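First to last, the sequence lines map onto chains Y and L.
According to my numbering, the first sequence holds residues 1 to 227 in order.
According to my numbering, the second sequence holds residues 1 to 438 in order.
In case anyone wonders, no lab produced these hints; they're calculated from the structure.
Keep in mind it's a predicted model, so treat the numbers as computed, not measured.
Even for Gly, the Cβ is constructed at its ideal location relative to N, Cα and C.
Among these hints, one or two may not hold up.
[Said to hold, decoys possible] Stretch by stretch, here's where chain L covers chain Y in the computed footprint (C-beta under 8 Å, at least three residues): (1) 41–52; (2) 73–83; (3) 140–150.
[Stated by the list, open to error] With a Cα cut of at most 25 Å, we get these calculated DSS-like pairs of lysine-lysine: (4) L:K324 - L:K336; (5) L:K309 - L:K242; (6) L:K309 - L:K324; (7) L:K107 - Y:K52; (8) Y:K59 - L:K242.
[Stated by the list, open to error] Label-pair distances were calculated between CB atoms; the ranges are: (9) L:P177 - Y:G61: 54 to 64 Å; (10) Y:Y141 - L:L319: 29 to 39 Å; (11) Y:A165 - L:P310: 27 to 37 Å.
Below are the chains, spelled out letter by letter.
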Amino acid sequence: MYILAIDTSHQNGSVALAEGGGAVFRLIGQSIVEGGTFSAQLVPSIATLLGKHGLDLSKLGCLAACVGPGSFTGLRIGLAAIKGLAEVMHIPIVGVSTLEALAHHATRDGLILAASDARRSEVFTGEYRRTGGELRREAEYLCTAVEFTARIQACGPSEVVTSDARLAQLAGSVHAHVMTFSDPGSEAVARIGLAKFLRGETTSVDELDADYLRRDDNLFFPSARSS
Amino acid sequence: MPSGLILGIESSCDETAAAVVRGGEQVLSSVVASQFSAHQPYGGVVPELAAREHLRAVVPVVRQALADAKVTLAEIDAIAVTQGPGLAGALLVGITYAKALGFAARKPLIAVNHLEGHIHSVLLEEAGERGQDALATAGGTPALLQFTAGGTPALLQFTAGGTLRPRSGQTPALQFPVLALVVSGGHTHLYLCETADPHPAPKEGEGWGTRAEGRGARTWRYRNIGHTRDDAAGEAFDKVAKLLGLGYPGGPIIEQLAQHGDPAAVHFPIAQLKHPERGAKAADGPTFDFSYSGIKTAVLRYTETHTMKPGIEARRAALANVAKPTVEQVLALCDKATLDLVAGFQHGMVQDIVAKTIAAAEATAARTLIVTGGVAANRNLREEFESRAPRSGVELRFPSRRMSTDNAAMIAAAAYPKFLAGEFAEEGFSAEAGMALR
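Work out the full structure, taking the sequences as your base and the hints as a guide.
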């Protein structure tokens, strides 16, 4: 079965085309969508990627969308594209958390903290329990940088996973074992998406929505908006 | 064989809309999901909130538009979407969804300027209903959020009850040059419109350049000859309503309250713009600019010098506890001085808009005057234009009151000449928040 995955939650977006079923997963191809060009280039990139591998939308068995948290506009572009494709082709959709895609890169079992920059000195934090390589979500929340380090000290995670250099430094300052790498990317979204699809965790076109993980009223007052 | 059906998608501000229009005129469906209640607590449109609501609404709204029109996406010739101007985050949702739909369903995309849509909204109910008729048929009923034409092939129009009836006869085609006033909460623009063949036959000795299939089809060309230097007219209505404690949006409530006041009691003169705009070149020809921040400040000063503040605060406090106040409830909280001020403000606005627009129509020898946009739903404005336009020999056209405000049928209508001319969007197009109309 073929799966198409989109990650537009960060500065560097990407689209992945993969094949899998059961325990098998094979990345067929991936293309980068540069930040600032998502709305212009995302759909053309999908068309090019499929064409390059001799596939078209009708061959896809599943679409995996990165639902957030992350760049609000980026998330919406990715989700609007997924919605449009699924609406016409009737392809099942799975939504994947950005933080789960991060936690997917963990190398140790135990409590994993996945962290991404939420700006305004805040951190999108995901707590996942990793057992024998399997991840189970415990919580996802928004906290301040101070709360983030306090949480590391309080719970002593076996690993902190982030793609942000500043957060890696912050976690390192309280002696956490830190795993860093570049953006989670669409490959991880495809892998997690496939597993979720096989478990039957799909969502409908109209239910698919972004998980902004930030819904405070202050955001909506222009004077309080900083980003 | 083309069906002439275009699916329009609009998400430039706080309304998610989709519509199916045949041949640029026949509205088969028009669905508008208003985000009004989401923004009301903030006293204005919140961009981030608008974008979030669009993402939620776009799928059901497009589905409804296709279902109401009783057509499938496969039967559509092209998908038209608003490219700008508007809120970038809001536009991106509609554009990306349209692109994905178009790619999956193998339909070409047409990028439409929102203001061009407003101008084309007059074509949607052209036959048999001129300004006065449209005003009469729309009379008094609140704007319906959607309507269905079913499979009726005849041209359709609204009646007061919200039902549809086939139109009779055809009105003459638009006479060019057309002067178009787009007047809303975000825009106060005057455009001089002409049509041109985008693919003229090559002159002798020149090669055959552009695609041949669109040759002969004429598309519209626009020249901006006036705009507001500061606030849009609709913005002035909203701001004055806010400062008088009347709630949001301001247009409808001011129009209703003004009926109970004396428009001559408080005089607001026409704004005189003595200096050309900075950077404007004389070679660009005369411009007919507007300015509405002054009248808003004049209303504020009036409330201060006539000790109206306590009354305003009392009204604001009283209305804060009512989710959706009725006109009667607001009216009961207004004294005569407030009603007179509201009536005087609306009168001043209408006089200013009409005087400047008519002057521009005369100066440009326009044969048709189109007045469109949310503020064009104001009855006083329509009546004033109707009394003044005949004296200038210009034929006046309004969209129906329903089609005056943001909708997607107008986007599909504006896309139709482009469809005939083969003017499709590049695959890499994106939102243009500050898009100019040319």
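Range hint 29 to 39 Å (beta carbons of Y141 of chain Y and L319 of chain L) holds or violated: Distance hint for Y141 of chain Y, L319 of chain L holds at roughly 37 Å.
Straight-line alpha-carbon gap K309 of chain L to K242 of chain L, limit 25 Å: Status holds; Cα separation ~13 Å.
Verdict on chain L covering the region 41–52 of chain Y, where coverage means 3 or more residues with a C-beta closer than 8 Å: Holds: 6 residues of the region 41–52 of chain Y have a Cβ under 8 Å from chain L.
Range agreement (Cβ of P310 of chain L with Cβ of A165 of chain Y, hint 27 to 37 Å): Hint violated: Cβ distance 57 Å, outside 27 to 37 Å.
Restraint check for K309 of chain L with K324 of chain L, where alpha carbons must lie at most 25 Å apart: 23 Å, holds
Restraint check for K107 of chain L with K52 of chain Y, where alpha carbons must lie at most 25 Å apart: Holds, at about 21 Å.
Outcome of range test on Cβ distance (P177 of chain L, G61 of chain Y; 54 to 64 Å): Between P177 of chain L and G61 of chain Y, where Cβ atoms are some 56 Å apart, the hint holds.
Chain L over the region 73–83 of chain Y, status - at least 3 residues with CB closer than 8 Å: holds (count 8)
Straight-line alpha-carbon gap K59 of chain Y to K242 of chain L, limit 25 Å: 55 Å, violated
Residues of the region 140–150 of chain Y with Cβ under 8 Å from chain L, three needed, outcome: violated (count 0)
Pairwise hint evaluation, K336 of chain L against K324 of chain L, where the allowed Cα distance is 25 Å at most: Answer holds: K324 of chain L to K336 of chain L is near 23 Å, not above 25 Å.
The structure does not agree with the numbered hints 3, 8 and 11 stated previously, though it agrees with the rest.
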